[in-house]
Amino acid sequence: VGAMLVLTRQHGLPVRYRQFHLGLTLGLALYLIAWFVSESMKGPVKLNLSTDLLLLSGLLGGWPGGLTCYLLHTLARLQFAGTERLLASMLDTAVPVLCGCLLHGYVWPRLRKAFHIRMVLLVWLVRIVATYAGLALGLTVIDLPATLIEQFVVLRLLVLPLSFCILYLTLRMIYMDAQVDEQRRREHRLTRSDALGGLPNRLALD
Numbered sequence: 001v002g003a004m005l006v007l008t009r010q011h012g013l014p015v016r017y018r019q020f021h022l023g024l025t026l027g028l029a030l031y032l033i034a035w036f037v038s039e040s041m042k043g044p045v046k047l048n049l050s051t052d053l054l055l056l057s058g059l060l061g062g063w064p065g066g067l068t069c070y071l072l073h074t075l076a077r078l079q080f081a082g083t084e085r086l087l088a089s090m091l092d093t094a095v096p097v098l099c100g101c102l103l104h105g106y107v108w109p110r111l112r113k114a115f116h117i118r119m120v121l122l123v124w125l126v127r128i129v130a131t132y133a134g135l136a137l138g139l140t141v142i143d144l145p146a147t148l149i150e151q152f153v154v155l156r157l158l159v160l161p162l163s164f165c166i167l168y169l170t171l172r173m174i175y176m177d178a179q180v181d182e183q184r185r186r187e188h189r190l191t192r193s194d195a196l197g198g199l200p201n202r203l204a205l206d
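Each step along the sequence shown adds one to the number in my numbering, with nothing skipped, and position 202 is 202.
One thing to keep in mind: the hints can contain errors.
[To be verified] Derived EDC-like pairs (lysine to aspartate or glutamate); straight-line CA-CA distance at most 20 Å:
#1 Lys-113 / Glu-187
#2 Lys-113 / Glu-182
#3 Lys-113 / Asp-177
#4 Lys-113 / Asp-181
[Claimed, not checked] Pair by pair, the computed Cβ-Cβ distance ranges are:
#5 Leu-102 / Leu-13: 34 to 44 Å
#6 Ala-3 / Glu-84: 44 to 54 Å
#7 Leu-13 / Arg-189: 18 to 28 Å
#8 Leu-78 / Thr-191: 28 to 38 Å
#9 Gln-183 / Asp-143: 47 to 57 Å
#10 Gln-10 / Glu-150: 47 to 57 Å
#11 Gly-82 / Arg-192: 52 to 62 Å
Since the hints were derived computationally from the structure, they do not count as laboratory data. The beta carbon of each residue, even a glycine, is placed where N, CA and C say it ideally should be.
Generate the whole structure from the sequences, applying the supplied hints.
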């Protein structure tokens, strides 16, 4: 995400016009992660950090970014894990994307103006709800042994502290990038108006 922000910043794109870029970046990150761990993590239960990226794709990218990330994640799941439990996985991962898209209209405009720990806590709480709601939805279409379900629940609980760090740092990066846009807007206003009286200057009149 940091690399994408730097590279697109070079083209002068304000962060509000890079929502699709954010969703695409998170989707590619999920695809690469799935590729890297496909050989080393063959077990049915894995540490679940994809929920964070799926949630962020909808939260930062809106419906276009969220859908792009979801499709890339599903493609990776199909390519590296086959069709076994694919429907359950799709239902599980659809929930955080949907929650992120629903949060987008509330968090996105506020995040570009101010950064508060309350906002991060809200997103983290939604993440907790989404991960277990997605698991419950996925279990409606498959039958798993109780021991396997217990492992799912425990591992998703163990990653929550790391999840908070991921959400905090990502939202902080977006906020800091948005401040560059605000600084540029202030500089633009100063070139077109008198700093003391606020009247249009000669450049603006020309």
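Results of checking the hints against the structure:
Only pairs whose Cα atoms come within 20 Å are accepted, and Lys-113 paired with Glu-187 is accepted, the gap being roughly 17 Å. Between Lys-113 and Glu-182 the alpha-carbon distance is near 9 Å, which keeps this suggested pair within the 20 Å criterion. At roughly 11 Å between alpha-carbon atoms, Lys-113 and Asp-177 fall within 20 Å of each other, so this suggested pair holds. At roughly 10 Å between alpha-carbon atoms, Lys-113 and Asp-181 fall within 20 Å of each other, so this suggested pair holds.
In this structure, Leu-102 and Leu-13 break the distance hint of 34 to 44 Å, their C-beta atoms being roughly 25 Å apart. Distance hint for Ala-3 and Glu-84: a CB-CB separation of about 34 Å, inconsistent with the stated range 44 to 54 Å. Distance hint for Leu-13 and Arg-189: a CB-CB separation of about 20 Å, consistent with the stated range 18 to 28 Å. Range check, Leu-78 to Thr-191: about 52 Å between beta-carbon atoms, so the 28 to 38 Å window is missed.
The given range of 47 to 57 Å is respected by Gln-183 and Asp-143, whose C-beta atoms sit roughly 56 Å from each other. For Gln-10 and Glu-150, the hinted distance range of 47 to 57 Å is satisfied, since their beta carbons lie about 48 Å from each other. One distance hint, 52 to 62 Å for the beta-carbon pair Gly-82 and Arg-192, holds here, with the actual separation near 59 Å.
The structure fails to meet hints 5, 6, 8 from the earlier list, while all remaining hints are met.
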